[in-house]
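There are 2 protein chains.
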Amino acid sequence: MNIIEYSSKDILALEQRYRAMFVNSLGGFKSLSLIGTRNRNGQSNLAVFNSFVHIGANPPLFGFIVRPDSVERHTLNNILETRIFTVNHVRKEFYTAAHQTSARYPEDVSEFEATGLTEENKPGYYAPFVAESHIKIGASFRQKIDIALNGTIMILAEIMYISMPEDALMPDGFVDLEKAGTITCAGLDSYHSTERISRLTYAKPDVIPGLMDNIHSGH
Amino acid sequence: MNIIEYSSKDILALEQRYRAMFVNSLGGFKSLSLIGTRNRNGQSNLAVFNSFVHIGANPPLFGFIVRPDSVERHTLNNILETRIFTVNHVRKEFYTAAHQTSARYPEDVSEFEATGLTEENKPGYYAPFVAESHIKIGASFRQKIDIALNGTIMILAEIMYISMPEDALMPDGFVDLEKAGTITCAGLDSYHSTERISRLTYAKPDVIPGLMDNIHSGH
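Just so you know, the sequences run in chain order A and B.
If you read the first sequence in the working numbering, its first letter stands for residue 197, the second for the next number, and so on.
If you read the second sequence in the working numbering, its first letter stands for residue 197, the second for the next number, and so on.
Just so you know, these hints were derived from the structure itself, not from any lab.
Chain copies aren't distinguished; within one or between two, either way the pair holds.
Dumping the calculated SDA-like pairs for lysine to any residue here, alpha-carbon to alpha-carbon at most 20 Å:
id: 1; residue 1: Lys205; residue 2: Gly320
id: 2; residue 1: Lys400; residue 2: Glu303
id: 3; residue 1: Lys375; residue 2: Ile393
id: 4; residue 1: Lys375; residue 2: Arg287
id: 5; residue 1: Lys375; residue 2: Arg392
id: 6; residue 1: Lys288; residue 2: Asp363
id: 7; residue 1: Lys375; residue 2: Tyr214
id: 8; residue 1: Lys400; residue 2: Arg213
id: 9; residue 1: Lys205; residue 2: Ile280
None of these values were measured; they are calculated from a predicted model.
Here chain A stands alone, though its shape is the one from the complex (with noise of 0.2 Å):
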């Protein structure tokens, strides 16, 4: 196996779009999302996120990362207007259209509309939430965080209401995304489906971690 080595001064002096191609794939996979808001007039708003980030379970606290010199300046506007939105898990039924809300739109244009995804409202819920997904999340603005490094900004969030499909929850709490059709993403614009390889048991010193599945008794 050939290796490859960069510098901090190697990745500095890469071409723009090369670089921000090359560094978006080295987290890793990321969680792919839709989150779906509303403006105070009423007109609905609806874009691809791939950085949610778990805070919390007590409260449910989650984050994810915004860029507001980007197409996500509308999103980060109708959230700080409502102080609330939703997020949406994509599936490979319609990762084309998720991906396809990145797009430049002008701002009195639905991409609901323009990319064919079905607007859900919910009673007493103002954020649109997207029809075809199966995992749905209705979120509360909780704060807004400056991250100086580079004029980003981290909105928190707590969840307020799920929906999901009934054979997706296991009897511990686990949610299989697998069962309810989520799938994940990597650098800019790849798109991958899943497939397990196990879960573990809860990791004690002096044990060998076990498949879960092959062990029944509580940990």
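Fit chain B to the supplied structure of chain A, relying on the hints for placement.
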């Protein structure tokens, strides 16, 4: 398809471990890497993380979340002490060892020794890499952000060094993670290999995204 729904109240009423398993599953598939550090006395530490998030490409920045009251506190202390650490992608060949680093070993035990993974030291780089990894990143600490909402911490860092298999690097800077053997994870304990569906061309309004394999013109 039977749908199951949860309100905020439903989520907060779940038993603690069940809720942790549940909420950790909701974001979709996650990056999977081992963070290598060394304290001032030379003691190495290795911990599995799944919260790597891309922050920017110029400079190449990323972040990850640390829970200071958990097994992750050694990683945090070492990074704050030495300001340097490594990120190493996990392959199927050693995912059980990666999982095992999450056991609560005493501070004077190296998870390298405990799990059988091999410390790889590079000249001028104080933190240890994982020899078994194919994609290895050297990083410098840049900023610590305290998340007051639940007491977690986001570490921001800059990529200073990369080592990877040459044949995983595509002509446009995309890194083929499958060629490098990188796997993904879900929830707290589920490990998955991936299969590419396709790469899509850069999205533009009024153009249907193409499969990159079929389109050879640049964008």
